[in-house]
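> Knowing the structure of chain A, use the given hints to seat chain B on it.
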Amino acid sequence: MSTTNPTAPTGKAAAATADWLDQRTGVGVAVKGLARKLFPEHWSFMLGEIALYSFITLLISGTFLTMFFVPSADEVTYTGPWTALQGTTMSAAFASTLKLSFEVRGGLLMRQVHHWAALIFLAAIVTHMMRVFFTGAFRKPREINWVIGFVLLTLGLAAGFSGYSLPDDVLSGNGLRITDGLIRGIPIIGTYLSYFVFGGQFPGTAIIPRLFTVHVLLVPGLILALVGLHLALVFLQKHTQFPGSGRTNGNVVGYPLFPVYTAKAGGFFFVVFGVIALMAATMQINPVWNYGPYDPAPVSAGAQPDWYMLFLEGALRLMPGQAEVVFGSYTVPFNVLIPGLVVPLLLLGPLAVYPFVEAYATGDKREHHLLDRPRNAPFRTAYGMSILAEFFVLVLAGSNDLIATHFHLSLNDITWTLRFAFFIVPGIVFVLTRRVCLALQRKDREVVLHGHESGRIVRFASGEYVEVHTPLDEHERWIRVQHEPVRPIRIAPAEDSRGVRRPHYRSDVRRQRLSRLFFETRVEPVTPAEYAAAQEHRAIATGPGDAGHEQIVAGTGDHASRS
Amino acid sequence: MKSLAVRRHDRRAPIVLLALALVATGGLYAVLAAPSRADAAPLPGQADTTTGQKLFEANCATCHGMGAVGTAIAPSLVGVGAAAVDFQVGTGRMPMTVSGPQAQAKPVQFTQTQISQLAAYVASLGPGPQIPTADMVDPSKGDPATGMAVFRTNCAMCHNAVGAGGSLTEGKFAPNLWHTTPTHIYEAMLTGPQSMPVFNDANITPQEKRDVIAFIKQQGGTQPGGLDLGALGPVSEGLWAWVVGLGLLIGAAVWIGAKSS
Chain A
1 MSTTNPTAPT GKAAAATADW LDQRTGVGVA VKGLARKLFP EHWSFMLGEI
51 ALYSFITLLI SGTFLTMFFV PSADEVTYTG PWTALQGTTM SAAFASTLKL
101 SFEVRGGLLM RQVHHWAALI FLAAIVTHMM RVFFTGAFRK PREINWVIGF
151 VLLTLGLAAG FSGYSLPDDV LSGNGLRITD GLIRGIPIIG TYLSYFVFGG
201 QFPGTAIIPR LFTVHVLLVP GLILALVGLH LALVFLQKHT QFPGSGRTNG
251 NVVGYPLFPV YTAKAGGFFF VVFGVIALMA ATMQINPVWN YGPYDPAPVS
301 AGAQPDWYML FLEGALRLMP GQAEVVFGSY TVPFNVLIPG LVVPLLLLGP
351 LAVYPFVEAY ATGDKREHHL LDRPRNAPFR TAYGMSILAE FFVLVLAGSN
401 DLIATHFHLS LNDITWTLRF AFFIVPGIVF VLTRRVCLAL QRKDREVVLH
451 GHESGRIVRF ASGEYVEVHT PLDEHERWIR VQHEPVRPIR IAPAEDSRGV
501 RRPHYRSDVR RQRLSRLFFE TRVEPVTPAE YAAAQEHRAI ATGPGDAGHE
551 QIVAGTGDHA SRS
Chain B
1 MKSLAVRRHD RRAPIVLLAL ALVATGGLYA VLAAPSRADA APLPGQADTT
51 TGQKLFEANC ATCHGMGAVG TAIAPSLVGV GAAAVDFQVG TGRMPMTVSG
101 PQAQAKPVQF TQTQISQLAA YVASLGPGPQ IPTADMVDPS KGDPATGMAV
151 FRTNCAMCHN AVGAGGSLTE GKFAPNLWHT TPTHIYEAML TGPQSMPVFN
201 DANITPQEKR DVIAFIKQQG GTQPGGLDLG ALGPVSEGLW AWVVGLGLLI
251 GAAVWIGAKS S
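Same order as they appear, the protein sequences are chains A and B. Under this note's numbering, think of the first position of the first sequence as 1, with each following residue one higher. Under this note's numbering, think of the first position of the second sequence as 1, with each following residue one higher.
Treat the hints loosely; a few may be bogus.
Stated by the list, open to error - One side of the interface only, derived from the structure: several residues of chain A facing chain B at Cβ under 10 angstroms:
id	residue
1	Ala-84
2	Val-357
3	Ala-359
4	Tyr-360
5	Asn-400
As the list claims (entries may be wrong) - Between beta-carbon pairs, the in silico distance windows are:
id	chain 1	residue 1	chain 2	residue 2	range
6	B	Thr-181	A	Asp-295	25 to 35 angstroms
7	A	Ala-206	B	Val-98	46 to 56 angstroms
8	A	Ile-189	B	Val-98	49 to 59 angstroms
9	B	Val-254	A	Phe-423	28 to 38 angstroms
10	B	Leu-227	A	Thr-83	14 to 24 angstroms
11	A	Gly-427	B	Gly-79	49 to 59 angstroms
It should be emphasised that the hints constitute simulated quantities derived from the structure, not laboratory data. Every residue gets a Cβ at the ideal spot worked out from N, C-alpha and C, and that includes glycine.
This is chain B alone, in the form it adopts within the complex:
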């Protein structure tokens, strides 16, 4: 007993134990990871979902919880559908870097393949809106006149008359839409990200959604009448009238007044 107790207190014992633990962990990992590497390419959908789940657990589960059931700080994603994931991750809003009034668009963190894998995983959790096809969001197939009418009654109060963006309460805002892709515009209407309400297909029909996209895609380019000054309305016009207009005229008055004396 005594000799055993003496050896237990050998100062090399912790190092030996650590080495044993590392070997055990590495061995276990090799044993468990090997099978998944072995059947790397089964059915595509199944693989997407599986990879998506891994991506989710590594990048999203901290806030949304394992299995996307939600936590105190982030909502459950069961039933939000592939469209919501494609919008949130595809515009860089998710994963969020900081909490704030709302998720900000920023450089996209994942490749398109990874985004569709994530979307496939979240879609597998419960039925929800699907990512629209290219045909559904094709601006050339929409009617901008109907789109403008729909936009004016449903969107302009937050996004401004031509989609230049506007302010909401407590630091939230409706972003500018001029550089948003047609697919993301469609998905936003369908899923209602952040403070935006959901415009389902009964509310704004798929055809009308395409019309709205056609209208938005006409905005923000070259406008009749010169520089659009941000398309922000009379406030920016007034600022320019004072700064440029009156600025130049007072400059001219000083010049004319100074000439003789």
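Bound conformation, chain A alone:
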């Protein structure tokens, strides 16, 4: 039997190459460290990866597009194959987009890949942010990385907006016109700023080349740099993990980067690229040939921005027009300033600084590497949900015309309903979410103390009926009791024992007030004493020799000392 082992020569060659490289660069040390790096396992930890991979898809498809796109407002007459535009005067930017779509081989597919990837990029960022927010992954030492992530979100919005406007079609031109209106709405400097941005009167010829530079150089460069920093920090600070048996604040339970995560993450890149390519191949996106070249006069029905800007459009649609105020000979358009600047600041601003606010309210200076279950942080979960609800109200408002036609409703009624919803819905969502969180925590307590309901009814000799509860195994129980209760902070009294007034007392009171707002309403996890008492009770109730009793005793040991 001829023994031709195919792996031996390859293995030898690979080893030789690796050795050659290591002797010259010392890369072996880095590889050894990297390959052994552990990452915890959970599907929600891959949401950020979707964002990263769709960004890579954006870079690849975007590079292709720059080969053919002409960022110029020069006027040309269209002579290409699309009959509905033949002989129409348009900008070179629009004409080159048409050429990309109809004449460049694979051009339309690449355009659609790029646009779908952009929508998914931002959707993935938002979803990833939700995961980080609701699990409290932003707590010390990861506050800076949260802020970097937030800046990445705003850069993503900037990238999306600047790219959306490049083809110079009617729809994106309408968007630019709204932006121009927002800029002009800024008191005193607005008009100058608008002339500065557009290089003169709107729309002018300067904006397309300027947006192009922003879109292909400035914003992607910043995103790339910050993504690097974002990932480096994840690497240095180690990934957070969900609580579970064997997982502590001081360890990471997971798989090594090589080979498990190189395979998983590498494979997932192709899944992300594949899904985007599938969408691009089967679903039309941004058919600019339908909208026609930009001309300030026409506005078509259903003129809306991409989904990530829709909340701004919604805010504009909800705002009553009467809020325009005239001081002497100056007009201050609050009807534009409030939805265009105040609403986004109020919605997004608190999110950016939330880690610091929460740290201030808890007074907790320790590092946290174990994630919270969302129910165990009722205020945070409820606040996050109310912000999401507000965004949802605004997105619905931005789509009010489509809701009207598709559900046969009156546009005016929808607008009025959503105007009230804007103020009412976040509050309702906050209260409901907090109640659900507290209820789930109570359910956890109940289950830990008494076990799961088994549905089995037992009758004793005395005639008494009881339902048998199945006790939790120790892994299940640990998840429900491991978290620390967060209580409102306590402050020192206003005067010390000798009646001297303490400095900083008033700021401490403010802090305590905030802390109470966060943590006054709470359900504490089961303590070892409570658990022991429940066991005692159970032992008395069911009597000795019951099988369930034996199981409970077997499970206590190690957890009792932890919580």
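Relative to the frame of chain A, chain B by itself:
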């Protein structure tokens, strides 16, 4: 006198009276209806108008009034022309089944002959826009590029960039145009039904109207780049990005994450 009074109170008297009344009505109807049945086919236009008038009185006069002079709930139709009747009745909008923000298109209630009879009657009441000829609405004779330019400046703000339809105030809406016949599109421009403004021949010339029809007839079919998702713009695209795109990707993440554990 007394004997007469007694007979008057006979309990069979009402039945006899009813029988007499029925005979009288039937006889009168036979006498009056006979002549019109006799000369059933005189000049075609005249007959159309006469039949049209009957159809009108039976189906439309309840709201529009006898002689189409209008009532408190429906406008006068004197001078709206044959084109308006052909559009409103030909697309099923008239007769309306319920009042609402605007008349809805529904299955057509009359045959084409009856519609032209109604149109002939209404046209006879006063001069108004005529039904266009087949040549005037022929999409193959129009230029879609000019049509698109005209459509973009005059129609797209309500009907959407490609005529997919859009919303108006208080539950009114501009309908989708992809399945509207060229004649009806032309008539709508000419007569301005519902909330639509009138685009007369000075505003959009007959040639431009034909160009617009040529442009609309290109829409709604197979589009470059795949499914058009309703041609509704970025909102439907965003919905699909979340539902299909992120839905599939999160599904894949759950699958990959679940594989090992």
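> Indicate, hint by hint, whether the structure satisfies it.
Each hint, compared with the structure:
1. The closest approach between the C-beta of A:Ala-84 and any C-beta of chain B is roughly 4 angstroms, which is under the 10 angstroms cut-off, so the hint is satisfied.
2. Taking 10 angstroms as the C-beta cut-off, the interface hint given for A:Val-357 is violated, the closest approach to chain B being about 29 angstroms.
3. This hint is violated: A:Ala-359 has a C-beta 30 angstroms from the nearest C-beta of chain B, more than the 10 angstroms allowed.
4. Because the closest C-beta pair between A:Tyr-360 and chain B is about 33 angstroms apart, greater than 10 angstroms, the hint is violated.
5. Of the supplied interface hints, the one on A:Asn-400 holds, with its beta-carbon coming within about 8 angstroms of a beta-carbon of chain B, less than 10 angstroms.
6. In this structure, B:Thr-181 and A:Asp-295 meet the distance hint of 25 to 35 angstroms, their C-beta atoms being roughly 30 angstroms apart.
7. Restraint check, A:Ala-206 to B:Val-98: a C-beta distance of roughly 55 angstroms satisfies the suggested window 46 to 56 angstroms.
8. Separation of A:Ile-189 from B:Val-98 is about 55 angstroms and conforms to the stated range, judged on CB atoms against 49 to 59 angstroms.
9. Between B:Val-254 and A:Phe-423 the CB atoms are about 36 angstroms apart, so this pair conforms to the stated range of 28 to 38 angstroms.
10. A hinted range of 14 to 24 angstroms holds for the C-beta pair B:Leu-227 and A:Thr-83, which are about 22 angstroms apart.
11. Distance hint for A:Gly-427 and B:Gly-79: a CB-CB separation of about 57 angstroms, consistent with the stated range 49 to 59 angstroms.
Figure legend: structure checked against the earlier numbered hints; hints not met, in rising order: 2, 3 and 4.
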